[in-house]
Amino acid sequence: MNAFVKDPTLWTDVGAVTDIPVRGARRIPTPQGDIAVFRTGDGRVFALKDACPHKGGPLSQGIVHGHAVACPLHNWSIDLSTGEPLGADRGKGCTPVIPLRVEDGRLLVGSV
Amino acid sequence: MAARERLVVIGNGMAGCRAVQEVLKRDPGRYEIAILGAEPRVNYDRIMLSPVLAGEKAFADIVLNDEAWYRDNGIALHAGRRVEAIDREARTVRAEGGLEVGYDRLILATGSDPVRLPLPGADLPGVVTFRDLDDVEAMIEASAKPGAKAVVIGGGLLGIEAAYGLARRGMAATVVHLMDVLMERQLDASAGFLLAQAMAERGVETVLEAQSDEILGAEGRVAGLRLKDGRVLPCDLLVMAVGIRPNLSLAKACGLATGRGVVVDDAMRTSDPAIYAVGECVEHRGQCYGLVAPIWEMCRTLADALTGADAAWEGAVLSTRLKVSGVDVFSAGKFAGGSGCEDIVFRDAGRSVYKRIVLEDGKLAGAVLFGDVADGGWYFDLMRSGAKVADLRETLVFGQAVTEGLRGLDPSAAVAAMADEAEVCGCNGVCKGTIVSAIAGQGLNTLETVRAHTKASASCGSCTPLVEKILKATLGDAFQFQTGPKPVCGCTAKGHDEVRRRIVAEGLKSMPAVMQALEWTTPDGCPSCRPALNYYLLCAWPGDYRDDKQSRFVNERVHANIQKDGTYSVVPRMWGGLTSAAELRAIADVVEKFAIPTVKVTGGQRIDLLGVKKDDLPAVWADLNRAGMVSGHAYAKGLRTVKTCVGSEWCRFGTQDSTGLGVRLEKFMWGSWTPAKVKLGVSGCPRNCAEATCKDIGVICVDSGYEIHVGGAAGLHIKGTELLTKVATEEEAIWTICAVTQLYREQGWYLERIYKWMDRVGLDAIRAEACDPDRRRVLYDRFAYSQRFSRIDPWAERVAGRDSGEFNPLTRRMEFTPMSKEPA
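Here the protein sequences line up with chains A and B, keeping their order. The first sequence begins at 581 in this note's numbering and counts up by one. The second sequence begins at 5 in this note's numbering and counts up by one.
Isolated chain A (complex conformation):
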């Protein structure tokens, strides 16, 4: 589908889980554009390409609720685990999911 979801060969330590506010997000600049890393109210973390499938809005700036984020531009809700729009906008595109794992409280972003 896209380069991000192939089995990663390289894992990069991008910081501590606690560097991300609860119900918040941080962003990571890359040559392919920003990655958004989210931390939800129940302590889980997710990473998506920092662009809404609608108009490319920076998802890292949205309000995190449940396992979803509301895009700051037009309020689409995006599922953090799949990158797909929720509710009535379901099926209208998809934001790429970025491989992410946690080891000893550190965040590791995977790349090919």
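The hints are simulated quantities; they were obtained by calculation from the structure and are not laboratory data. Quick reminder that beta carbons are idealized off the backbone N, C-alpha and C, glycines included. Don't take each hint at face value.
Using 30 Å as the maximum straight-line C-alpha spacing, the simulated DSBU-like pairs for lysine-lysine come out as follows [to be verified]: (1) K149(B) with K635(A); (2) K671(B) with K604(B); (3) K149(B) with K232(B); (4) K392(B) with K476(B); (5) K681(B) with K671(B); (6) K553(B) with K568(B); (7) K459(B) with K635(A); (8) K513(B) with K597(B); (9) K617(B) with K568(B); (10) K367(B) with K672(A); (11) K476(B) with K459(B); (12) K553(B) with K459(B); (13) K671(B) with K635(A); (14) K29(B) with K153(B); (15) K760(B) with K672(A); (16) K568(B) with K459(B); (17) K635(A) with K604(B); (18) K367(B) with K338(B); (19) K490(B) with K760(B); (20) K635(A) with K367(B); (21) K513(B) with K671(B); (22) K681(B) with K568(B); (23) K604(B) with K568(B); (24) K553(B) with K476(B); (25) K635(A) with K617(B); (26) K513(B) with K498(B); (27) K672(A) with K568(B); (28) K392(B) with K672(A); (29) K498(B) with K553(B); (30) K553(B) with K617(B).
Just a sample of chain A residues kept apart from chain B, beta carbon distances all over 12 Å, derived [as the list claims (entries may be wrong)]: (31) T662; (32) E664; (33) R681; (34) D684.
Just so you have them, the derived chain B footprint on chain A, three or more residues with Cβ under 8 Å [to be verified]: (35) 591-605; (36) 609-617; (37) 638-651.
Got chain A; can you put chain B on it based on the hints?
Coordinates of chain B only, in the frame set by chain A:
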């Protein structure tokens, strides 16, 4: 076939022809019909002569019955034949040129003649009445002369329409009226005043309480009008529009009973059972009529009587509409009230709207509407039906849509008639057809689902009522309007008021505490409720509650406005719109240093720097802070700007120091959070250069003090403010404004602007709190306490390091290393 009865009509005007039409409708073959008319024309709509004079219609547009109509219905038309006598014995009428016509039934529809005042000079050329097409042609001819002036005697309906028409034709027109109110038979003093204003805007001057004395002539033509007080109004055309007099000469000559008009019974029969009368020549139960609606009723009654049906007319309640473009006036019934009557008055100064509804014995007895007459017909129906309106009392003055909408009735059948291509939601470009097919195709039955699937009403929300009506029209009873209070969002069934009340009553001081106590159905809320709860907690517990930045919309979290490309805009505060060389220099330096692409002056008297990268924000703010500038909160549901004019310090009209007051207000109120944005304006005089009357709260300075206005808007909705109160001193003005703001902070629903809050709770309720000195004091104190924690520059805090993670990437380790190679 037996010979048909002969029906003869004297008068080829509106009433005569309409009576014939009504007869034909009921029994087309019954009579052999002849019509005799004095005017050498087919029948035309006399009411529409005003638009013809004004050049808004042509004669052809106002013809009611053309020659083909007479021919097709087998009617013998004798146009230009003035009837000279009626022989009741022989049952014949004799007309000009020796024409004699026999009748079995006769209808008198001789109408009325305009009253000509017996003033000296009344027979001069250039003195006309306003009655028929010849008059109109004479008036149009006079208006062709460049610079020509017209005087119209009579400030009634006809006189005003004549003057307006002449002004439209380029004449300087003056209405001279004997009374102190224009159209005093239809309007009260307030509406008459607005009418005089509106006419002045259209080039028609009004001279009230003016008694005409003599018409002056020069070179054999009219040259002016002299009033009793000696004033002379020069003119090239003088129109007498002082009333009409029923035309009785034929009826009198043949011995029929007459009073002011030809006397008829409830079946429109005169004192001779073979002779009927309709129209303006009639006197029925002591009343003469000059308006079209009751005359149509007479015609229907007469037709019933002539075709063997029971016929009885009991007279009419009158309603009037003025035909002057852009000036909407409606009047009906006992518009001026009186003893035993109760008035409901509504005024909107910004829109020049005035409405007065008169109630008597719990029924609608009269109405006068100026500026907004959409509900005239509805009021008129209520009056005629004699319905009890006590239940509707509270909303009656706001009209049918509001009154019936609130009662859950079907507000309008117009929705069903809307075309599928008609746009419903302008923000998202959604047409009616799209909504209807989404409702049907996807089984939607709530506003929320329609909103989610079609986006209709999802942006500004101003089309929400329309979308609801479409749902109702499409689904019928399957659609349930929201009952009870509107829930805060999909996470709860509880409304804003209950949530706010319980936060205070139960001492709930954190978001989890609120969600627990109020049984939220989602774990951590949603983007709708979280910002609302955060605000409610902040407002309830100033200094105590810690703001949850993760529940702030991006702009309030970042203290800048996000733009479509993910950059931000920065608006420094300019107190009361004042700036200085040092500030402007600092702004210029920042723009160059950070290569800010766009610099724009805002509507709120400040400067907007657009296209700033997020990571640059703290450095931009640091430079602005150094020049003494702080955040303008252009992103906040809070106090935005205080727009001012230069006031008494510079302006030759300024009555007070409006700039100074604006600066004081802004310096005291800045940083406060409110349910929705709050914009203030302070104007130094009623010329209102600061546009204070479309602000959330506006001040108009006057010589004797300060008018405090509330509830304006100039965004999604345009709304003029309403006057809250007038105070004498600057101190009181500040106390009152802060008290209103605090009341709004404590009562407003999140995202509900002041004007909507005001609609919901009522201006009187606000006045009772904010204008009573003791209550005002309590509110002011609470606002002042809250401000102790709010007047802190969020930019300076972030320059000092607060929320640094917000403005820095998590890491830059991946910034230059390609994460992956694109697949070959």
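Now the hints, each set against the structure:
1. Distance check on the hinted pair: K149(B) and K635(A) sit about 63 Å apart at the alpha-carbon level, beyond 30 Å; violated.
2. Proximity of K671(B) to K604(B) is assessed by CA-CA distance (about 23 Å); at most 30 Å being required, the pair is judged to hold.
3. For the hint linking K149(B) to K232(B), the alpha-carbon distance of about 28 Å falls within 30 Å, and the restraint holds.
4. A threshold of 30 Å between alpha carbons decides the hint, and for K392(B) with K476(B) the separation of about 28 Å falls inside it, so the pair holds.
5. Among the hinted pairs, K681(B) with K671(B) is consistent with the structure: their alpha-carbon atoms are about 17 Å apart, no more than 30 Å.
6. With a C-alpha separation of about 22 Å, the suggested pairing of K553(B) with K568(B) holds against the 30 Å cut-off.
7. A distance of roughly 15 Å separates the Cα atoms of K459(B) and K635(A); the hinted pair therefore holds under the 30 Å criterion.
8. Distance restraint check for K513(B) and K597(B): the Cα-Cα separation of roughly 44 Å exceeds the 30 Å cut-off, and the hinted pair is therefore not satisfied.
9. Annotation: proposed proximity of K617(B) to K568(B) holds, straight-line Cα distance about 12 Å (limit 30 Å).
10. Annotation: proposed proximity of K367(B) to K672(A) is violated, straight-line Cα distance about 57 Å (limit 30 Å).
11. Between the alpha carbons of K476(B) and K459(B) the distance comes to roughly 18 Å, so the proposed pair stays at or under 30 Å and holds.
12. A threshold of 30 Å between alpha carbons decides the hint, and for K553(B) with K459(B) the separation of about 28 Å falls inside it, so the pair holds.
13. Distance check on the hinted pair: K671(B) and K635(A) sit about 39 Å apart at the alpha-carbon level, beyond 30 Å; violated.
14. Taken as a hint, the K29(B) and K153(B) pair is broken in the structure, with Cα atoms around 47 Å apart against an allowance of 30 Å.
15. The hinted pair formed by K760(B) and K672(A) fails the criterion: a straight-line CA distance of about 35 Å is larger than 30 Å.
16. For the suggested pair K568(B) and K459(B), the alpha carbons sit about 19 Å apart, so the restraint of at most 30 Å is met.
17. As the CA atoms of K635(A) and K604(B) are separated by approximately 25 Å, the hinted pair is consistent with the 30 Å bound.
18. This hinted pair checks out: K367(B) and K338(B) have alpha carbons roughly 12 Å apart, not beyond 30 Å.
19. This hinted pair checks out: K490(B) and K760(B) have alpha carbons roughly 14 Å apart, not beyond 30 Å.
20. The hinted pair formed by K635(A) and K367(B) fails the criterion: a straight-line CA distance of about 57 Å is larger than 30 Å.
21. Distance check on the hinted pair: K513(B) and K671(B) sit about 29 Å apart at the alpha-carbon level, within 30 Å; holds.
22. For the suggested pair K681(B) and K568(B), the alpha carbons sit about 21 Å apart, so the restraint of at most 30 Å is met.
23. About 17 Å separates the Cα atoms of K604(B) and K568(B), which keeps this hinted pair within 30 Å; it holds.
24. The suggested pairing of K553(B) with K476(B) is violated, with an alpha-carbon distance near 40 Å, which exceeds 30 Å.
25. For the proposed pair K635(A) and K617(B), the alpha carbon gap of about 18 Å is at most 30 Å, so the pair holds.
26. Between the alpha carbons of K513(B) and K498(B) the distance comes to roughly 18 Å, so the proposed pair stays at or under 30 Å and holds.
27. The hinted pair formed by K672(A) and K568(B) meets the criterion: a straight-line CA distance of about 19 Å does not exceed 30 Å.
28. Between K392(B) and K672(A), the direct Cα distance comes to roughly 55 Å. Violation of the 30 Å bound is thereby established for this hinted pair.
29. Of the pairs offered as hints, the one joining K498(B) and K553(B) holds, with about 24 Å between alpha carbons and a cut-off of 30 Å not exceeded.
30. Between K553(B) and K617(B), the direct Cα distance comes to roughly 20 Å. Compliance with the 30 Å bound is thereby established for this hinted pair.
31. With a cut of 12 Å on Cβ distances, T662(A) stays outside the contact zone with chain B, its closest approach being about 19 Å.
32. A cut-off of 12 Å between C-beta atoms confirms that E664(A) is not in contact with chain B; the least separation is 15 Å.
33. With a least CB separation of 15 Å from chain B, R681(A) remains clear of the 12 Å interface cut-off, as annotated.
34. The beta carbon of D684(A) sits about 17 Å from the closest Cβ of chain B, which is more than 12 Å, so the claim that it is off the interface holds.
35. Three residues within the 8 Å Cβ limit are the bar, and the stretch 591-605 of chain A against chain B gives 10, so the coverage statement holds.
36. Counting residues of the stretch 609-617 of chain A whose beta carbon lies closer than 8 Å to any beta carbon of chain B gives 7, which reaches the threshold of three, so the coverage claim holds.
37. Requiring three or more residues with a Cβ within less than 8 Å of a Cβ of chain B, the coverage given for the stretch 638-651 of chain A holds, as 8 such residues are present.
Consistency note: the structure conflicts with the earlier hints numbered 1, 8, 10, 13, 14, 15, 20, 24 and 28.
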